[in-house]
Each structure stands twice: as C-alpha cells, then as structure tokens.
Amino acid sequence: MSATGTINAGYLETLLAGQPQLPTSPLAWLNALRAEAVDRVGVLTVPTLRDEEWRFTDISQLTKMPFHPVRTTISLQAADIERFYIEEATTRLVFIDGVYAPQLSSGIADSDVTVVNLEAGFAAHAAKIEPYLGRLTEFRDNVFAALNTAFLHDAALVVVPRDIAVTVPVHLLFIAMQKDVVSYPRCLLLAESGSAVTVIEDYVSLQEDAYFTNAVAEIALLDNARVNHIRVQREGAKAFHIANCAVSLARASNYQSVSVAFGARISRYNLNVQLAEEAECAVDGLALISGRQLADTHTCIDHAKPHAVSHQMHKCIVGGGAHAVFNGKIMVRQGAQRTDSRQSSRNLLLTNKAHVDTKPQLEIFADDVKCTHGATIGQLDSEEVFYLQSRGLSDTAARNMLTYAFGAEIIERIPISSLKCQLEQTVLEQTATQL
Amino acid sequence: MIYPDSKIVLEVRGLCATVNGTEILKGLDLTVRRGEVHAIMGPNGSGKSTFSKILAGHSAYEVTGGSVMFEGQNLFDLAPEERARAGVFLAFQYPIEIPGVINSQFLRLTYNTVQTHRGKEELDPLEFDDYVREKMKLLEMSPDFLERSVNEGFSGGEKKRNEILQMAMLDPRLAILDETDSGLDIDALRIVANGVNQLANKDNAIVLVTHYQRLLNYIVPDYVHVMEAGRIIKTGGKELALELESRGYDWVGVEHKAVAGAVA
Ligand SMILES: Nc1ncnc2c1ncn2[C@@H]1O[C@H](COP(=O)(O)OP(=O)(O)OP(=O)(O)O)[C@@H](O)[C@H]1O
Ligand SMILES: [Mg+2]
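So the protein sequences, as listed, match chains F and H.
Numbering follows the working numbering, with no gaps: position 119 of the first sequence is 119.
Numbering follows the working numbering, with no gaps: position 183 of the second sequence is 1183.
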C-alpha cells in the first residue's frame, strides 16, 4: 500500500472512531445501511489530485487536520442564532454540529407536511423513506457520502404528501460551533406526486476555527412534484465543506435550485440530478470567493429519459488568490430523445492571481437533442467601468456595481425575498472589501 | 444663446492626442461660454468622438499636447468621475449595455453620488422615484425602462433617450452630445431635442456633435464648427450648417488650405 493509502486509512479510522457509540435504530434496514457504509469506508480512500474527479482540488490538508466526531453538544439560545433566521421561513429545523437542536427548531408534523428530525418521522413514514434514504446517494463509491451514512442518525426529514402545496418555506439550518469537529449534516426531502415545497439548506458558522462539514442531501420528486431548493454555504473562513446532493425527478416533476457558496477555506459540492420523462430542472450556482479560498462545484445532470429539460447557469466571482472549479457534466442517455439542455459557465476574475478551472462535459448518446453549452472567463469590462465613471461613480464604486450585478443575476433567482436581500447584501459587502 | 461677458466653461488650446500611437487630434482649439450651444460637424473619422471621449476622460487616448481648461481648472487633473461631478457630461455615440445593473439603481446611485459631491441633498428611493419619473415624462419614456438593465436590449433610439435622461438627472455644466440624433425617428428627435432645450440655460453649455442639419432645426446652435483631420478648420453661425448640408465638406478643406497657405 502506498504512503498516501496508509495515511488515509489511519485518518478514516480516526473519523470513524465515534461511530460505534451511535444508538441502534429501531429500523433494521437503517442499521444495515450504516453497517454497509462502515464497510465501504474501510475499502475506499480519500481522493487525491490523481483522481480525475478531484484533479483541481487538493484536499490533502484535510487529512492532516485533527478532526473528530462531535463529543459534546453545545446548547444555544434563540438569541444566538436569530440573525440566521429567514423571515418567511417559519418552519425551521436547527442542527448544531450536526446534532438536532429541538429547543431551537419549529418543525411540524400534520396532515399537510412533515418537517422533523429523522427518527420522529419513522412511525409515520418509515416505509415511504426506505427507498430513498441512503439510496439516492451513491455512497458505495464515495468516501465522504459513505462516512456521512455511517454516522446517519440525526437528519432533516421533509415529507410533503400528495397534491399538497406548502406555502411556508422550510429552513434547514446547520450551525458549526466547535473547532476540530467533523459533523455529518443530512437531509431527506420527499415530495410526493403533485406536491410543492421550497426548502432552504443553510450552512452557517459561529466560529472562526477549522472544522469539517461533511453533508449529504437526498431529494426525491415524484410525478408532477415541484421543489425549490436553495442552498447557502456560508461556512467559517477556515472550514472544510464537502457535500453530496442527489436529486431524482420522476415524470413531469420540476426542480429549481440555486446554490451559493461564499464560505469555507475549501469547499466541494457534488450535485447529481436525474431526470425522468418530461421532467424539468434549473440548476444555478454562484461561488463568490477571495483570499486563499477554493470552491469546487461538480454537477451531473443526467437525462435518463426523453423530453426532459435542464437549464444551468453557474457563475464564479474569484478575488484575491482564490481558486474556483466548475465541472458540469450533462449526460444524455440512449433513448433520451428531445432532450433540451442548456448550460452556461461564466466566470469573473477580479485579480491576476485569481484562478478558475471550468469544464463543461457533454456526453450525448441520443441523436434528436438540443444541447448548448458555453463557458466564459473574464475580467470586468473596462468600457463598462468607464461608462459608470463618466456618470460620477468612483472606479471602486463602478467595479463594485458591476461585480455585484454579475452575481446578482443568480441571487435574483431565489424566490424568497428576505433571503435574497440578505445574500445581495453579502455579495455587496464581499465585493466591496475585495476591491 | 450668446450672453455678453458670459464666463468660459471650456477652453481647448492646441489639443493633440493619439490612440495606439496614431495621432488623431492635431491641434484643436475651441472656446465655449456659459449659455452657448455649439455644433461640431465634420466627416467620419475626423476625430469628433475622440475629442468627446477625451473630455470625459477615457483612458484609451493619450493627450500629447495642448491644454483643456474646464471652469478655470485643468481638466486633465481630474479623474473621469471627478469631471462628471464637476459637471462634464458626455452622451455617448454608442452607449454600451450593462447587463445586470438595473437602470433605476444605476440612476439613483449616480444621481446621489453627484449630488453629494456638489454639497446637495441625496434623495431616498421614494423621492428619487418621483423625480426620475418626472424627468422621464419630459422625454416621453415609459417607466418600464427603470426596471431593465442599463441599455440592455434597448433599441438605438431608446439608448439615446436614456443618455439624455441621465443628462437631465445629472444637470451638467457642459453637455457633449455625440450624435444623439443618429438613430432617432422623427418624433423621437423632436422629443429629445425639446428635452435638451428645456435643460439648456444661461449657466450651462451644450456641444452637439452631429452630421445632420435636421437636429439643428430644433436645437439652434450659436456656433457651428467644422472638424477635419483632428482640427477645427472653420467656425460660423447656424447658417454654416445649411451651407454644409447643401455643399458638403470638401470646399471647407480647400478654403482652409488656401488660407493656411496664404498665411505661410
Ligand atoms: N481605439 C482606437 N484604436 C484605433 N483607432 C481609433 C480608436 N479610436 C478611434 N480611432 C480612429 O480615430 C479616428 C477618429 O475616430 P472618431 O471616432 O473620433 O471619429 P468621428 O469623427 O467621431 O467619426 P464618426 O463621424 O464616424 O463618428 C478614426 O480614424 C478612428 O478609426
Ligand atoms: Mg463619432
């Protein structure tokens, strides 16, 4: 075994150290799932730059950090976290270092919708969730998803029954509190036929030390369901954030997602979306980073069946000596005729040291399809800067306004106005401090 | 209008400038006083837009000689935004599109920035909205344009109107309108010209760059200048524009050479 392999093994063992203490679940299949995940962790290794999927993102530092599973839980008061609240989203589940915090949460479980910590949903929904939990995500080949699944205990569970449209957005708030801790946030969203819901998956921090968030989200849309998924990654400056999200769209369902990444020293988001017939998705993203940050987004949109539509716009604003990575795979499988897929990757470099690697990847095995993609990398347009200056704005204000506008195009797509304002403010502040 | 003893707004002496090493302006002289309307005409490529953009402070052009005084101070000491705040306004020949920057936000920020620098009150979003709508009425512009990105997808004429709207908001001391009439239909020309006339007063000055007498029927110039090869080679009253319209530019060049030859 190579030296890296040995380091990996030891590292993964440390990470697994707390796992045996997890309480046994009343559900046999869930215990089996965890056991299988533990086995997989034993076989898999931490990816390196030699892995094609990780060739731009060096996470060797991660394996050198003394991260350990959460040992003690910290309790917080509502006042400590109120600033993260989203006005419209009164249904809220809060997790501190991955551990459910019932006293801060305002879930619901009635005939219209279930928003609870996983085990509270077993009685009513165990059979319903079994086909999806740990099944949408390919944890068998993914060491981080496997680790998360090995620790599967507390998790946000959202179940929207048939034909119910939930009007109040659901806020899933994951707060990082302790240094050196690795946490395993987990979400499962099941939108049954004809239902509709908006979910905000939100990663925040109340600390500036190093920690590791290893998250998994699974989202199943049954026939005609509609899901708005807003993902906000605003982790601490020294954090590591690795997340896997798997979305499955049944016939004629509609998935709209906006994901923004502002935080973390190193972040990686893998999003896999699989579309059935006539399904539609819009998958948009914005990474706004500076300093020594690295933000890597890997998406795979899988047109498995005919007549599906996917639109994707991914933007990166890269300042300082930061590094953004975008890998956008579009898979059109044999027989997926009349696929309509549009992808665009647009990148703005604010300094000479900023760096971006963008790679659209089209794999098309059907002939009657419409697929377009494009990527641009550029700096601010000097004619645009001059135009604004000629109207009285300083060079800085002009650049700020243009940078903001570049990012706002994605933020605008968030259908929750207070969150939109909050994030627009963040973009403004971040661009202002960088220029 | 020409006012006796009016103060000089702009004084250009022997201005020479290059772009990418090519000399474009070759000793340009022009004096503009408060209250006056000047028209600059001249063949394509003679340097009219170059001159306009140099006044606004575009960095692509290198000034290699001469001087420009604006309201008694050296214009070249001022950054582009300082010129705008001091009252220089250029309506661009080709206004660029700025996707993502919402027109209303852009107008409000520029207005408030300029107001602040002039020691005047800013307007809050509601007050500003009233104010900008009033100015838009003057130009018969639909308020819908406020919610769109700056110039994005605007027709040629709509862009020109948006330029004059900005002029109306920023209340310049010296407005240079570079071919604002090009691309305007007959009604739009009348509306925009009326707008400009309403903005003109005894304290400001307007320099119109145009190819057509048509505009000058609406905005009557006090002086008409002919620019050729980077210089103003003839200056006359409004009747000069009519003469240019019927005779073209060639004779002006011939006459200029003859005079220059006689002097030499
Ligand atoms: N950035 C540039 N690089 C190279 N040449 C330039 C540049 N800008 C202007 N020029 C040249 O300078 C000359 C003057 O151009 P300018 O746009 O000032 O002319 P103009 O009088 O405004 O013409 P028009 O009536 O067609 O608008 C032209 O020959 C033009 O090609
Ligand atoms: Mg021109």
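Keep in mind the hints are simulated off the structure, nothing from the lab.
Be aware that one or more of the hints could be misleading.
To be verified - Computed beta-carbon distance windows for the label pairs:
1) VAL1019(H) to CYS371(F): 40 to 46 Å
2) ARG50(F) to GLU1147(H): 32 to 38 Å
3) GLU424(F) to SER1142(H): 22 to 28 Å
Idealized CB from N, CA, C, for every residue including glycine.
query = ARG50(F) and GLU1147(H), beta-carbon distance inside 32 to 38 Å?
reply = With Cβ atoms ~50 Å apart, the hint is violated.
key: Verdict for VAL1019(H), CYS371(F) (Cβ pair) under range 40 to 46 Å   = holds (42 Å)
query = Does the Cβ pair GLU424(F), SER1142(H) satisfy 22 to 28 Å?
reply = This hint holds: roughly 26 Å between Cβ atoms.
In this structure, the one hint that does not hold is number 2.
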